[in-house]
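Novice: Start from chain A and add chain B according to the hints.
As they're listed, the protein sequences go chains A and B.
For my numbering, add 12 to where a residue sits in the first sequence, where the first one is 1.
For my numbering, add 12 to where a residue sits in the second sequence, where the first one is 1.
No false leads were slipped in.
The list treats identical chains as interchangeable, and a pair is accepted whether it falls inside one copy or across any two copies.
Calculated lysine-lysine pairs in the DSSO-like style (CA-CA distance at most 27 Å, straight line):
| id | residue 1 | residue 2 |
| --- | --- | --- |
| 1 | K186 | K329 |
| 2 | K329 | K103 |
| 3 | K329 | K201 |
| 4 | K327 | K186 |
| 5 | K352 | K186 |
These are calculated hints, taken from the structure and not from any lab test.
Protein chains: 2
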Amino acid sequence: MSAYRALNDGSLPEFLGSLPQVKELLGGEPAGWTVEEVGDGNLNLVFIVRSPKTAVVVKQALPYVRLVGDSWPLPLSRSYYEHMALVEQAKHAPKLVPKVYHFDRNLALIVMEYLSPHIIMRKGLIRGIEYPLFASHIAEFMAQTLFNTSPLATTASDHKRRIWAFADNIELCKITEDLVFTDPYRIAKLNHWTSPDLDEIAAQFRRDEPLKAAVQRRKLQFMTSAEALIHGDLHTGSIMLTPTDTRVIDPEFAFVGPMGFDVGAVIGNLLLAFYSQDGHEARVYARSPYRHWILMQVEQVWRLFSKRFVELWDKSKSGDAYMPELFQDPDGALAFTTEKQRFMRNLFVDTISFAGIKMIRRILGLAHTEDLESIAKPAMRAKCETKALTLARRLVIDAERLTGISDVTSAARAIHASP
Amino acid sequence: MSAYRALNDGSLPEFLGSLPQVKELLGGEPAGWTVEEVGDGNLNLVFIVRSPKTAVVVKQALPYVRLVGDSWPLPLSRSYYEHMALVEQAKHAPKLVPKVYHFDRNLALIVMEYLSPHIIMRKGLIRGIEYPLFASHIAEFMAQTLFNTSPLATTASDHKRRIWAFADNIELCKITEDLVFTDPYRIAKLNHWTSPDLDEIAAQFRRDEPLKAAVQRRKLQFMTSAEALIHGDLHTGSIMLTPTDTRVIDPEFAFVGPMGFDVGAVIGNLLLAFYSQDGHEARVYARSPYRHWILMQVEQVWRLFSKRFVELWDKSKSGDAYMPELFQDPDGALAFTTEKQRFMRNLFVDTISFAGIKMIRRILGLAHTEDLESIAKPAMRAKCETKALTLARRLVIDAERLTGISDVTSAARAIHASP
Chain A
13 MSAYRALNDG SLPEFLGSLP QVKELLGGEP AGWTVEEVGD GNLNLVFIVR
63 SPKTAVVVKQ ALPYVRLVGD SWPLPLSRSY YEHMALVEQA KHAPKLVPKV
113 YHFDRNLALI VMEYLSPHII MRKGLIRGIE YPLFASHIAE FMAQTLFNTS
163 PLATTASDHK RRIWAFADNI ELCKITEDLV FTDPYRIAKL NHWTSPDLDE
213 IAAQFRRDEP LKAAVQRRKL QFMTSAEALI HGDLHTGSIM LTPTDTRVID
263 PEFAFVGPMG FDVGAVIGNL LLAFYSQDGH EARVYARSPY RHWILMQVEQ
313 VWRLFSKRFV ELWDKSKSGD AYMPELFQDP DGALAFTTEK QRFMRNLFVD
363 TISFAGIKMI RRILGLAHTE DLESIAKPAM RAKCETKALT LARRLVIDAE
413 RLTGISDVTS AARAIHASP
Chain B
13 MSAYRALNDG SLPEFLGSLP QVKELLGGEP AGWTVEEVGD GNLNLVFIVR
63 SPKTAVVVKQ ALPYVRLVGD SWPLPLSRSY YEHMALVEQA KHAPKLVPKV
113 YHFDRNLALI VMEYLSPHII MRKGLIRGIE YPLFASHIAE FMAQTLFNTS
163 PLATTASDHK RRIWAFADNI ELCKITEDLV FTDPYRIAKL NHWTSPDLDE
213 IAAQFRRDEP LKAAVQRRKL QFMTSAEALI HGDLHTGSIM LTPTDTRVID
263 PEFAFVGPMG FDVGAVIGNL LLAFYSQDGH EARVYARSPY RHWILMQVEQ
313 VWRLFSKRFV ELWDKSKSGD AYMPELFQDP DGALAFTTEK QRFMRNLFVD
363 TISFAGIKMI RRILGLAHTE DLESIAKPAM RAKCETKALT LARRLVIDAE
413 RLTGISDVTS AARAIHASP
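Same shape as in the complex, but just chain A (with noise of 0.2 Å):
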């Protein structure tokens, strides 16, 4: 077991020589190996390394947050429940998460698949790029990873063990908490903002008293909900695709919690991209067919992992919650399936309102996102921005009485549309 050290450019090879896997994979010797350095996300290192052959993606968490500094600091262990995390979705989603070829705990450091010609969707999202396979990935992957790590699929004891196996993600959680649920309603150092021009609605939030109330409340949800092992950061820049082949990446937030909280980083981040459309088109209404795909994507989301979840519970016979065989004869039947379109719509709601509290932290939090952030002119991207936020409020404020995803990409229209 070697001791923690940050591997560069210069030590990553001789280290993954040492794997006997990694190098008969990478094939050669180290020294015919070139090591890149890619990591854009807050947190991690990331290099490719690449050999004559093939190439690996090497993933080394630093103990502090790379988009803050070492001023925070922040632990190791999230590489494990990543490594964890990878590991479970694997089982239900093989073809949706990278191959993981190694872990090392003390190092931190997880070895993957390199993928290859994937690009971050939220780069493709701002390039105007159709992925006509996109939602029914997703959809299957979140079906597929919420409801089999539920109790609607496993045993009570198995979702105790896995709610302990990743109850001391606390950091990482805390994290969500802080600038999800908290810093964006109050003054914090961190938050920032286009500014001078959303000032004026960034204090209108600050004191907006029903959706404090509202997001406080999906806080303690966040906190004391423990539906299912989510990946708990499911915005689109964790996700790598083509035109045909989707993988979910990233999952060091990964804990038992509700599962809204992925459905809706999906849709929300997708909310974003739209809003931000009109800021990356060449002329006015030249992205307007791209714009109708990503609401179209929106409602798809929804309805396919809904559509999946369900006939995923309508299979299983695993779960201690509603064991089918309470509800066999054709009455019983009947009532399964009322209670199950019940379970669905209390997880529209979530999904949701969650959408909207991740759009308002990426406008008016700390970490923002390449949709808005790399549209230049500040006049536009606060116009997008406003727009996002007013759709984001109304999603968190009125989900309950959304009585559907079209009422989603409808009022996300009309706001768009509005002057």
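Specialist: What follows is chain B alone, placed relative to chain A:
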């Protein structure tokens, strides 16, 4: 550290004599102490050890379910969780739990305060004894322990550690999952009821699809809602009292679960006591004042609990959920007050639904209560039980439609008055 062995009248004094603190407390020599085994619960050995000077209670877990026998093994670790829960509860409600003098993890044994002249509340209810301070005491116990072990009062980190610390109390939770939430709704070997009188209603409940769906929804909540450290078995057999003193014992089912499960246990068991009075009165109507007193306690328990819970919340500044700094101005204070009412409303619905579920399992499941079992004439017992089941079903099905606790007592009274 000693290996596990079940202690008995012979071996117990010697063991206690080896514990300096206990020896000093009892005074004199072990040869002068008497041992009486008094365990009437379902799971454990309970001894009273008396010296000329005083007495202590020794509770030792057996490696199986006492009620069923060694065919049903049960981990000794429940004693560890009981001890941890007693320690935690004593922090928040020190006057409402027995003092702990010694804990031996290997022997799964707790030496604790001998409560005298306290009796088990259930026996007091059967005798028709009024306890004027019970409602305020139990309300205080529940408000203090539930509020203070939730993220309303603590950091998210502390809450995750609490979840982690109790997450492996799996087998005790499974008893609840099986015996409370599942078996009464299916043919199960251990079920029994007043037969043949209740055969038809038991069969009706097994095919009552809306009821089963509602109960399974609560079972899922029991498995996934990590709101606070709950007692987990807070029936009137877990309460010992006098007219002036109340103590909550036996928290071996403790884990971080839904708050309403504890409050519902108290209310459900009071309602069972209410319906059992017909079987205990010397002549018809003799216990009418006592029936009225019990229903007043149902109302008081909820009212005092919810009032106290909100008081604690109003004063607290330490919780990661709903940080007070977010709601400081007058509008914020108003929104926060509204949000607390909303929280309490949800907790009320949970409570009433769990109360109904706990009542049903005591009549159609494995473990019954002395309130009803001690009614000698089956026809009378069946009549009491049928009324209790009628109310219980309504509480589960209609919890969301009940506007307050007086709806519960009105329904209880109306059903009691029916032929």
